[in-house]
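S.K.: Line order of the protein sequences matches chains D and L. Here the first sequence is numbered in my numbering, starting from 2 and rising by one per residue. Here the second sequence is numbered in my numbering, starting from 10 and rising by one per residue.
Mixed in with the good hints there might be a few duds.
Output of the computed footprint for chain D on chain L, the stretches with three or more beta carbons under 8 Å from beta carbons of chain D [to be verified]:
1) 44-55
2) 103-115
Taking CB as the label site, the calculated pair distances span [unchecked claim]:
3) D:E23 / L:A58: 47 to 57 Å
4) D:D50 / L:G57: 48 to 58 Å
5) D:A26 / L:D31: 25 to 35 Å
6) D:I70 / L:A92: 18 to 28 Å
7) D:D65 / L:R35: 23 to 33 Å
8) D:T68 / L:R35: 38 to 48 Å
9) D:P34 / L:A36: 42 to 52 Å
10) L:A92 / D:G39: 21 to 31 Å
11) L:P34 / D:T68: 23 to 33 Å
Simulated from the structure, these hints should not be mistaken for laboratory data. From a predicted model like this one, the values you see are computed outputs, not experimental measurements. Ideal placement from N, C-alpha and C gives every residue a C-beta, glycine not left out.
Here are the chains, one letter per residue:
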Amino acid sequence: MVEQSPPRADSPRWLPPGIGEEWDAQQLEATWPALLPGEAREVRVRAHDDADFVWTGLSGAVRDSATGIPAVPRLLVSILDETAGSEAQSLPWDWEALIPLPTGGLLPSVLPTSGALPGWMWLPVPRVIQRTSPLLIRLESLEAAITVDVALMFVGFGAFGGWRT
Amino acid sequence: VPTDTTRAAQSRQTLIPGLYLDFLPRALRDRAREFYVYSTNFLPLLSGATATQSISMQGSSHFLLTAINGTVRTDAAPPVLQASPAVLIQLQDTGSGRRMADQPLDWMNMVGRGIQPGLLPWPWLIVPGGQVAVQATNLDGADRQIRVSLLGIQIYSYAWDL
Chain D
2 MVEQSPPRAD SPRWLPPGIG EEWDAQQLEA TWPALLPGEA REVRVRAHDD ADFVWTGLSG
62 AVRDSATGIP AVPRLLVSIL DETAGSEAQS LPWDWEALIP LPTGGLLPSV LPTSGALPGW
122 MWLPVPRVIQ RTSPLLIRLE SLEAAITVDV ALMFVGFGAF GGWRT
Chain L
10 VPTDTTRAAQ SRQTLIPGLY LDFLPRALRD RAREFYVYST NFLPLLSGAT ATQSISMQGS
70 SHFLLTAING TVRTDAAPPV LQASPAVLIQ LQDTGSGRRM ADQPLDWMNM VGRGIQPGLL
130 PWPWLIVPGG QVAVQATNLD GADRQIRVSL LGIQIYSYAW DL
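Turn these sequences into a full structure, and let the hints guide you.
M.R.: Right under this line is the structure:
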């Protein structure tokens with residue numbers, strides 16, 4: 002038996018048991034370039050192939066495609082774990098109801114990866130996405146005239162090593 | 010020398026305790042759990058109107074409601090977010106009959122947003138297959154699009170196991 006090592010100091014202490022032997026910060030990013038007014042578009046991101054993804058937080062950026070200036074997020078969001086067949090919601094939810102903004106000026110590539118930081122939606126408990134599993138994210142624009150570029154960042158931990166039982 | 014069984018028990022003690030554990034009945038503490046959002050919409054709620062929407066919870070899991078978030082927007086294109094909605098809201102667990110408040114509450118006193126979540130000081134536990142009725146009253150002089158999201162934790166019927 003492989004002895005289970007304790008979580009690293011920066012790992013969430015509510016990490017489900019049986020998930021990995023080593024943990025490290027990991028992110029998945031989904032982007033919607035030029036999302037048209039009223040358009041609904043699905044994007045798939047896939048968990049890495051070397052680790053289960055323990056999803057703990059969510060943030061994002063919305064910009065006016067024409068100007069690059071951060072835009073008001075008038076968006077509905079829904080998320081489906083396609084392998085588990087489980088959705089994270091009963092109905093699409095309003096971006097502003099769940100995701101803190103303004104974070105439009107904060108690019109996902111420079112977002113910190115640990116700690117309870119403003120600008121992030123922190124899940125009360127994580128969702129575990131099995132390695133290589135696709136997440137299907139659907140955005141629907143409520144805009145009437147503005148085309149927007151959207152980036153949605155799933156932050157969490159990669160759980161390396163052991164497999165979930 | 011710890012056996013596999015004691016190692017498993019130690020890991021369970023080490024890893025499972027966490028946020029909201031103390032709020033759960035003992036019988037639910039080792040259950041698998043996962044983040045989930047239930048939502049309902051009033052699209053629109055007419056000026057001066059009161060309406061109730063019922064949210065049906067999944068039959069396979071308890072739901073620990075930890076926060077109430079939502080948005081109120083103008084009923085226009087594009088819908089514009091209202092910073093200070095003139096809306097009253099009440100929640101009722103229709104299975105047990107209990108209400109969240111003694112009378113409908115001002116939206117601003119109850120409902121949060123992403124930027125400042127409406128965290129409950131003590132979460133609500135809804136039984137599997139339960140129903141939560143969300144009642145909203147639009148006190149504004151114009152129709153409003155209202156979206157209410159109940160954030161929380163699905164607690165499944167099976168245990169987390171090693």
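S.K.: Could you tell me which of the hints above the structure violates, numbers in ascending order?
M.R.: The structure conflicts with hints 2, 7, 8 and 11, although it agrees with all the remaining ones.
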